[in-house]
Every structure is written in C-alpha cells, then in structure tokens.
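Here the protein sequences come in this chain order: A and B. Numbering follows the working numbering, with no gaps: position 51 of the first sequence is 51. If you want the working numbering, it's the 1-based position in the second sequence plus 296.
Heads up, a few of these hints could be off.
To be verified - Quick partial rundown of chain A residues pointing at chain B, CB under 10 angstroms, derived from the structure:
no. : residue
1   : Tyr-16
2   : Cys-157
3   : Leu-259
No wet-lab data here; the hints were simulated from the structure. Computed from a prediction, not measured in an experiment: that's the story for all the values here. C-beta: ideal position from N, C-alpha, C; glycine also.
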Amino acid sequence: MHEYAFFLGCIAPNRYPGCEASAIKTSEKVGIKLLPLCGASCCPAPGAFGSIDLNIWYAMAARNVVLAEQMGRDIALICNGCYKSIYEVNHILKHNDELRDGVNEVLKEIDMEYKGSIDVWHLAELYYDPKICGVDKLRESVTRPLTGTKIAVHYGCHLMKPRKERHFGDTDHPMWIEELVEALGAESVQYRNKMQCCGAGGGVRGFDLEHSLDITNEKMINLQEVGADALTEVCPFCQLQYDRGQVEIQEKFGITYGLPVLHFNELLGLAQGMSPDELALDLHAVDVSPFLEKIL
Amino acid sequence: MAREKNYGNPSLEGKLKDRYYYSDDTNRDFTQEVEKIGRTIAHMCYQCGTCTGSCPSAPRSSYRIRLFMRRAVLGLEEEALTDPDLWLCTTCYSCTDRCPRDIAPTDVIMAMRNLAARRDIVPRNFLKTVQAIYKTGHGVPNNDVNRAARVKLGMDAEPPTTCGFPEYIEGIKAIIDHYGLKDRADRILSEGE
Chain A
1 MHEYAFFLGC IAPNRYPGCE ASAIKTSEKV GIKLLPLCGA SCCPAPGAFG
51 SIDLNIWYAM AARNVVLAEQ MGRDIALICN GCYKSIYEVN HILKHNDELR
101 DGVNEVLKEI DMEYKGSIDV WHLAELYYDP KICGVDKLRE SVTRPLTGTK
151 IAVHYGCHLM KPRKERHFGD TDHPMWIEEL VEALGAESVQ YRNKMQCCGA
201 GGGVRGFDLE HSLDITNEKM INLQEVGADA LTEVCPFCQL QYDRGQVEIQ
251 EKFGITYGLP VLHFNELLGL AQGMSPDELA LDLHAVDVSP FLEKIL
Chain B
297 MAREKNYGNP SLEGKLKDRY YYSDDTNRDF TQEVEKIGRT IAHMCYQCGT
347 CTGSCPSAPR SSYRIRLFMR RAVLGLEEEA LTDPDLWLCT TCYSCTDRCP
397 RDIAPTDVIM AMRNLAARRD IVPRNFLKTV QAIYKTGHGV PNNDVNRAAR
447 VKLGMDAEPP TTCGFPEYIE GIKAIIDHYG LKDRADRILS EGE
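Okay, chain A solo, but in the shape it has when bound:
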C-alpha cells in the first residue's frame, strides 16, 4: 500500500462529497491508502487569496504542507486549484530560501516550521504513474466497464500549467487523462479547444459571473458539437463551474445543454461498481441519469 495524506480542499468535501468518498474507495482498490490530513484548511484559493497578497498565500499553504510533514507522508489531492497552492508553494519554498525564511518566521508564531520534506501529488497522476498504479492496474480494477459511452476530458489549468513549473510536458494536446478514461472502458472524444479554461479561476467567477459563464458557454458549445455523453475533469471547482454553471447559463443566456459532469474519481467509482447513491450524484445540479442509464 502506498500511503498519502489526503488533502481535501473545500469544494470536494463541502459541495461534492462524492468526490471525496470515491477517491478514498477507488484508490484503495489499486493499492493507494488515503489518510485523513486532520486540521487542513482551504489551500487557500490561489485566485482569491493569492491576488490579495502572495506572501499570505505562501504562509497559509505552507501550514497545510507542514501538517503532512508532521505525518511524514506525501500529500495526495483531487483538485487542480489545491494543486496550484499546495504543490506550487511547496515547490517554491523548497527552492527559494528568502521566501522560506519569511514563511517560517510567520509559522514560528504557531509553533510550526516548514522543512520541505514531502512531495505533493494529484491523485490522477498517481493513477497514471506505473510505479504507483498505472493504466493497466486501473483497468484491472474495473468491474463495470463504461462500454458504449463517449466521454470528453477537461484537464483544467492549474494541474499542468505553467508548464515550466510542472512535470507533465505537453500542455497543448495532452492525452494521459484520456488513457485513464479509456482504461474504464469508455470511448474518449476530442473537442475543439480542449485545453481552454472553464472560466471560474482567478476569482473571476465571483467578480463577474456572466463573463466567467461566457467562457464556460464556449466550452459547452464545443462539447456539444462532438456529442459527448459526459464530461469528466479532475478538479471540483471546474466541476462546480460546469455543473452549476449549466444551470446559470440556462437562467442568464437561455441555453440548455444538460451535459452530465463527473469528477474522474466519480467515474472510476461507477466503473468499479459503486452505486450512484454511494457517490451522492443527486447533489449534481445537472441530472446525471441519462449517463447512468447507459452504463447501469
């Protein structure tokens, strides 16, 4: 078993608890144990918090990293926004003495010290990594293949970009999440401008909802063109933007899409035989049942 401190963030545990439940259950079937990271907070939101003062963002994210350092475990997480904060701040502080000293001065007030002793991973990259799980092992864990479904992938921004501060390589036409999706027995479909942002980030969803929805709407038009049965992502904030966003797009622009949106963990849960009730899919704003009918 590979053990990780499971950093939850905000939206997964507090809006889509199915993402959290499925992450814990699906990872166990492929040899990954997610341990609770007690007392963790918001990552904090890189857009909203980082825009006000990057120094506080460093310190707040470092506090979450230190909790995992105290456990002696690497962090695994399931949200791109959290990845931006936790991975990137960990990375920056490991390599920048000036910033690390500044952060440690603040953390001293709460009897903490950032040491730089752990690494941070997205659960999806652990699933893809053959040293930890790998596509083949993931395929073997599937008991209810999603045969006959067409699934589009939204990568989101902060997992892989900026490229030079990450280790994923190509950010124009990546295909590794499609490989994960196809391991579940589904057909993955390509669509125009796949790597475009969902529109929610940088505090824009809160600052100018219509602007942010207009970006989402462009993605929805491109998704509709290829007739996907569902959209999958690896970020609960993107999920919120696509899922609740479709309802808001309907209210504000009068356009209905009805495209089910599922976190990759939820999709994996379904493929491993979890029931929709075990995933709290009823909390999704867009009805998921047209997709479920194809696989159940």
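Once you've looked at the hints, dock chain B against the given chain A.
Structure of chain B alone, referenced to chain A:
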C-alpha cells in the same frame, strides 16, 4: 501647462514624437516591484501579443494582457492598478506557457493585483473569501444539505479539516492577523456598504 513627453533619448524623442508617453505618469520602481512579486522578467516583453491571442478573457471583454505587460514595462502604475480589467484574468496560464520571451504574464497580473490590494483596490468577493477562511478555515464552508449528504454516504458530517477540528482555526487566524488582513478586509467591505 503643457506636459512634456519624455523618452530620455533624443533620437527616440524624434522618432516617437507623435506617441503619448509622459514621464510624470511613470514610476520606474513599479516595473521592479512587479518583477519581484511576480518572480518573472516582465521587462523582456517585446509586445508580440501571443498572450492576448491565448487569453480566454480577451474575446469577451476589453481586457488585454498585452496592454498590462506594456504598462508593467513602462511603469504606468496608476493606469494598471486602477483598471478594473485587471480582475478579469482567470489565471489559466495559457499566455505563460506560450510566451516566446519566457515571461509569466499571469504572474505579472498577480503582482499588479497584490499592489492594487495594498491601495485597498480589491473586488468584494475576494475579501469575502478571506472572511470565510478566517472564520471557518474554508473558502467554501460546509452547510446542512452537504452535512446530510455526507452522513448518507457513511462519512462524518464534518470533514477531517478545520470543520472537524476547529481547534486548528486559531493557527489560521494567527497567520492572517500577522498580516492584518482580516481587519483590512472588514474595513474595506464596511466602507463599501
């Protein structure tokens, strides 16, 4: 009094005499501060526009990242920090991945937002996130509908974060108070009411 245009270079003055660039509008320190906070080499920008061409916000607004890059290079602090378009960047980092000069325009925007925030120029939703995190540790706090759903899933109503371990919130408050951010957020929000 007519204002003097000034490039500090006689041959440039001649070539660019019909352009609008006033020396008293610019602040040299601004460029350096943006570069320091953003940890990027903004002054290397040669205005190719790849950033604006990559930007999902550009086609649907007057926000032009290339313009903000120019403002960063010329030290046009006032113009940059008081332009509401500053807050339309979704921080998708497409421009950063594509910049041929290896600059991170996204981080230039983040640095400018930090500098604007020092002058109390911050949209309200950003400050409300600060208040929520100060109170609960979460930017998106738990609620009753979600608690019920969690229990139905066989999980604790409160996740094992600051929700389940509220004693950790003190540490978060201490960090935010170290920078006086909560008081500042409260003040700015109440002034706007």
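Now the hints, each set against the structure:
Contact between A:Tyr-16 and chain B, as hinted, is supported at the beta carbon level, the nearest pair being about 9 angstroms apart and thus within 10 angstroms. With 10 angstroms as the threshold, the beta carbon of A:Cys-157 comes within range of chain B, its nearest partner Cβ sitting at about 4 angstroms, so the hint holds. With 10 angstroms as the threshold, the beta carbon of A:Leu-259 stays out of range of chain B, its nearest partner Cβ sitting at about 19 angstroms, so the hint is violated.
Of the hints listed earlier, the one the structure fails to meet is number 3.
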